[in-house]
Amino acid sequence: MKKVYFASILAGTVMMMSAPANAIDSTGCGLGSMAWRGQSGIGPQVLAATTNGSFGTQTFGITFGTSGCDPNGRITGGTGRMTLAFLENNLEQYAMDAAAGHGETIDTLAGILNMDSKRLGEISKQNFAYLFANENADALDVTLKLFTVVQA
Amino acid sequence: MRTIVKVIFFLVIVLGFASGAKANEFAFSDKWLAIGHYQPKFFGGYESTIDSPNFFLSADGKKNPQAELEATVNLFLSDDDTKKCLFPARYKLLKKNGLTIQSFPKCEELEKFYEDLRPNGVTFLFTDAYMNNPSSLFGHTLLRIDTARKGTQLLAHGANYGAFTEGKENSALFAILGLTGGYFGGFTVKPYYDIINTYNNIENRDIWEFNLDFAPEELDFFVAHLWEVGHAQSRYYFFTRNCSYMLMETLDAVRPSLKLAKKFPVQTIPLDTMKAVHQSKGLIKNVRYRPSRQRKILYRVSEMGKPELVAYYKAIEDKDYDMPDLSDAKKANVIETAYQFVQYQYVAHNLELADYRKQSFQALMARNKLKESSQIPELKDGKSPLESHDAMRATVGFGVKNGEAFQEISYRPAYHSLTDDNYGLLKGAEINFLNTTLRHYDNDDKYVLERFDLLGIRSVSPIDRMFTPISFQILSGVKRTLNPQTLEEGYVADLVVGGGATYALSDNVWMFFMANTKAAYGGFLPRNQYEALGGNGGIFMDFEKWRVLAEIEKYYASSKIGSYQEYKVEASYTLNRNNALAFNYKYQKNYGKDIEETMFSWRKFF
Numbered sequence: 001m002k003k004v005y006f007a008s009i010l011a012g013t014v015m016m017m018s019a020p021a022n023a024i025d026s027t028g029c030g031l032g033s034m035a036w037r038g039q040s041g042i043g044p045q046v047l048a049a050t051t052n053g054s055f056g057t058q059t060f061g062i063t064f065g066t067s068g069c070d071p072n073g074r075i076t077g078g079t080g081r082m083t084l085a086f087l088e089n090n091l092e093q094y095a096m097d098a099a100a101g102h103g104e105t106i107d108t109l110a111g112i113l114n115m116d117s118k119r120l121g122e123i124s125k126q127n128f129a130y131l132f133a134n135e136n137a138d139a140l141d142v143t144l145k146l147f148t149v150v151q152a
Numbered sequence: 001m002r003t004i005v006k007v008i009f010f011l012v013i014v015l016g017f018a019s020g021a022k023a024n025e026f027a028f029s030d031k032w033l034a035i036g037h038y039q040p041k042f043f044g045g046y047e048s049t050i051d052s053p054n055f056f057l058s059a060d061g062k063k064n065p066q067a068e069l070e071a072t073v074n075l076f077l078s079d080d081d082t083k084k085c086l087f088p089a090r091y092k093l094l095k096k097n098g099l100t101i102q103s104f105p106k107c108e109e110l111e112k113f114y115e116d117l118r119p120n121g122v123t124f125l126f127t128d129a130y131m132n133n134p135s136s137l138f139g140h141t142l143l144r145i146d147t148a149r150k151g152t153q154l155l156a157h158g159a160n161y162g163a164f165t166e167g168k169e170n171s172a173l174f175a176i177l178g179l180t181g182g183y184f185g186g187f188t189v190k191p192y193y194d195i196i197n198t199y200n201n202i203e204n205r206d207i208w209e210f211n212l213d214f215a216p217e218e219l220d221f222f223v224a225h226l227w228e229v230g231h232a233q234s235r236y237y238f239f240t241r242n243c244s245y246m247l248m249e250t251l252d253a254v255r256p257s258l259k260l261a262k263k264f265p266v267q268t269i270p271l272d273t274m275k276a277v278h279q280s281k282g283l284i285k286n287v288r289y290r291p292s293r294q295r296k297i298l299y300r301v302s303e304m305g306k307p308e309l310v311a312y313y314k315a316i317e318d319k320d321y322d323m324p325d326l327s328d329a330k331k332a333n334v335i336e337t338a339y340q341f342v343q344y345q346y347v348a349h350n351l352e353l354a355d356y357r358k359q360s361f362q363a364l365m366a367r368n369k370l371k372e373s374s375q376i377p378e379l380k381d382g383k384s385p386l387e388s389h390d391a392m393r394a395t396v397g398f399g400v401k402n403g404e405a406f407q408e409i410s411y412r413p414a415y416h417s418l419t420d421d422n423y424g425l426l427k428g429a430e431i432n433f434l435n436t437t438l439r440h441y442d443n444d445d446k447y448v449l450e451r452f453d454l455l456g457i458r459s460v461s462p463i464d465r466m467f468t469p470i471s472f473q474i475l476s477g478v479k480r481t482l483n484p485q486t487l488e489e490g491y492v493a494d495l496v497v498g499g500g501a502t503y504a505l506s507d508n509v510w511m512f513f514m515a516n517t518k519a520a521y522g523g524f525l526p527r528n529q530y531e532a533l534g535g536n537g538g539i540f541m542d543f544e545k546w547r548v549l550a551e552i553e554k555y556y557a558s559s560k561i562g563s564y565q566e567y568k569v570e571a572s573y574t575l576n577r578n579n580a581l582a583f584n585y586k587y588q589k590n591y592g593k594d595i596e597e598t599m600f601s602w603r604k605f606f
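Residue numbers (this note's numbering), protein chains in the order written: chain A, 1 to 152; chain B, 1 to 606.
Just so you know, the hints here were simulated from the structure itself, not pulled from any lab data. Don't take each hint at face value.
If you want the ones that stay clear, here's a sample from chain B, every Cβ over 12 Å from chain A, calculated [what the hints assert, rightly or not]: (1) 39; (2) 336; (3) 406; (4) 571.
To be clear about the criterion: a stretch of chain B counts as covered by chain A if any three or more of its residues have a C-beta under 8 Å from a C-beta of chain A, and this derived list gives those stretches [said to hold, decoys possible]: (5) 149-162; (6) 417-424.
Everything numeric in this text was worked out from a predicted model, so none of it was measured. Even for Gly, the Cβ is constructed at its ideal location relative to N, Cα and C.
Please model the entire structure based on the sequences and the hints provided.
So, in structure tokens, the structure goes:
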């Protein structure tokens with residue numbers, strides 16, 4: 001129950017985040033997030049990565065430019081929002097660090113989650129197949145699963 | 001009661017001004033001039049670099065530091081809290097110097113800014129040159145506000161000063177507007193992980209981090225001032241008032257004794273600003289190097305033994321991650337490197353998204369199975385750009401042209417030729433800008449402008465099993481040219497554009513070929529112009545202390561004067577960081593009138 005509650009809050013946060021993102025011009029933060037959501041043309045492979053109509057999140061791939069961050073271009077919000085924003089921008093780096101069990105993104109996430117970096121590395125490695133079930137893993141999905149495994 | 005205090009204080013200040021005492025002096029102090037970004041004008045007086053009117057409280061604040069100070073003192077006596085919240089650094093400065101006794105209002109947005117940033121230090125960032133974008137040829141600089149957040153500095157923020165170009169980067173208009181102040185520039189703030197992604201991972205540029213030794217009070221003042229200039233804009237000039245220049249003024253505002261902006265009265269080259277910051281006494285605490293993705297891949301591949309290399313190429317070329325003969329630690333190294341190469345290929349548009357994901361996951365699954373970690377230490381040291389030669393170059397030489405002795409001097413404001421020592425710079429990347437050469441010929445005792453190179457960009461970058469860069473050149477200038485038919489000399493302006501490939505015969509010896517088109521214009525040419533097709537190719541050798549460039553060039557032109565064949569050798573020997581000796585030899589065949597030229601010269605960088 002607790003997890004469902006958390007997931008819905010997180011999903012709500014994402015929806016709120018994607019709303020102001022539409023209003024940002026190309027000079028500031030949000031360029032990437034719009035591109036990945038298919039509202040600006042970076043290329044067909046980017047369009048292919050978007051989820052139809054719903055609030056899109058970063059699917060597995062490299063973010064070109066900024067993505068999913070605060071309209072002011074800053075790291076902000078609570079643990080959930082920060083984790084999601086971080087993973088939206090660093091998913092492919094975290095994937096390798098999680099597979100290996102250590103790395104800079106693990107050290108960073110451990111800081112955000114206020115936990116021991118070594119432990120997060122072990123958890124990420126052990127649960128890698130769950131966190132990244134297949135090549136269509138997206139940042140929101142990984143974030144939700146990550147919270148599940150670190151709270152278990 | 002409060003009003004009375006205000007009135008009294010106002011009177012004190014006004015009287016202070018009237019008697020021309022402390023405040024008057026303060027208006028022209030380094031501190032006040034630096035915080036307002038005022039620079040002395042050539043014919044006396046001051047003018048602020050900042051252009052947006054909202055940065056000034058006085059109507060003539062842009063040109064009048066004293067009126068601006070009076071208006072600022074008055075602001076903090078007023079009730080206009082919204083406006084006060086835009087000038088936290090000015091408040092701190094006035095307060096410290098006894099020019100206000102008021103308290104600073106509660107500013108929600110400003111507090112949020114501090115709360116998000118959690119400032120813990122300031123780092124000056126330098127990124128390498130990027131040959132694929134003309135506006136990044138000279139490298140880039142930005143500032144990082146280090147964070148006290150738990151985790152890593154990935155959660156810090158970078159403050160970038162740049163032109164707001166409204167997405168018109170690819171038009172010719174962009175270049176013109178960028179050079180002439182047609183755009184406004186301003187600060188934007190981004191998470192540092194975003195900056196790393198852009199420079200390290202997408203553009204494959206190394207990042208150098210210079211931690212600045214700021215006292216807590218200076219750090220606080222820096223963030224407050226960043227908030228002030230973050231709300232303002234200035235006209236952006238690509239060569240002078242650019243990304244790097246504004247950082248100099250911003251650092252000056254924090255520590256006026258630095259006087260960094262004064263060191264860049266004309267051109268501001270990012271690399272030079274980094275050197276200036278480094279040379280400022282007591283400003284740099286320590287230096288850290290963040291290699292680009294490509295650099296990391298090359299390093300890890302260079303550390304691999306034969307069996308690992310075989311496994312690595314099997315992984316990236318045949319997508320075969322089965323490597324039974326390797327230890328887990330070696331497998332880990334091979335797989336992690338292969339994974340980074342897959343990422344590189346996707347960014348370089350060499351992989352479709354579906355293939356990219358498939359290959360990424362293949363590597364991830366293989367890596368996840370291993371118990372041990374790669375034993376290769378992280379790449380922590382690079383060739384520091386601080387050790388590179390300075391950007392300006394003067395050359396003095398003497399030589400012989402077809403039996404006639406000559407003396408030559410030349411001056412190049414920026415930046416690097418292939419035969420200059422490339423320590424700390426991108427090897428194979430040449431950027432010559434406004435190179436001017438004068439000659440004196442002994443026989444007829446005449447002084448001539450030998451050549452003027454408006455712009456010369458060359459990128460020779462070797463193709464190997466992993467990377468397939470295109471080599472290219474864009475050369476434009478005016479040269480003194482001989483018409484072989486009339487034996488008349490005159491000036492020809494030309495533009496050469498070409499592309500080709502480079503192969504490394506070894507680490508030190510590269511071979512390159514380029515196909516070129518050329519357009520030339522000159523008053524003394526038949527029909528005033530000609531077009532030509534041709535190519536050049538040769539060998540570029542680099543053995544640290546000395547470098548040799550040997551080339552053959554041939555053109556077929558619409559006019560005989562432009563059809564020639566030329567053999568060239570240019571060699572240079574490094575004496576020390578800013579001094580080199582050079583030798584040039586040229587043999588040109590042009591319709592029976594051959595030109596042979598030999599020259600020795602001394603190159604001084606400064």
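Problem set entry | Outside-interface status for residue 571 of chain B - nearest CB in chain A farther than 12 Å | holds (43 Å)
Exercise. Are there three or more residues in the stretch 417-424 of chain B whose C-beta lies within less than 8 Å of some C-beta in chain A?
Worked result: violated (count 0)
Problem set entry | Assertion that residue 39 of chain B lies farther than 12 Å from chain A (Cβ) | holds (26 Å)
Problem set entry | Reported absence of residue 336 of chain B from the contact zone with chain A (all CB gaps over 12 Å) | violated (6 Å)
Exercise. For residue 406 of chain B, which was marked as not at the interface, is the minimum beta-carbon distance to chain A over 12 Å?
Worked result: Its Cβ never comes within 12 Å of chain A, the nearest being 52 Å, so this holds.
Exercise. With a cut-off of 8 Å between beta carbons, are at least three residues of the stretch 149-162 of chain B near chain A?
Worked result: holds (count 7)
Violated hints for the displayed structure, listed by number in ascending order: 2, 6.
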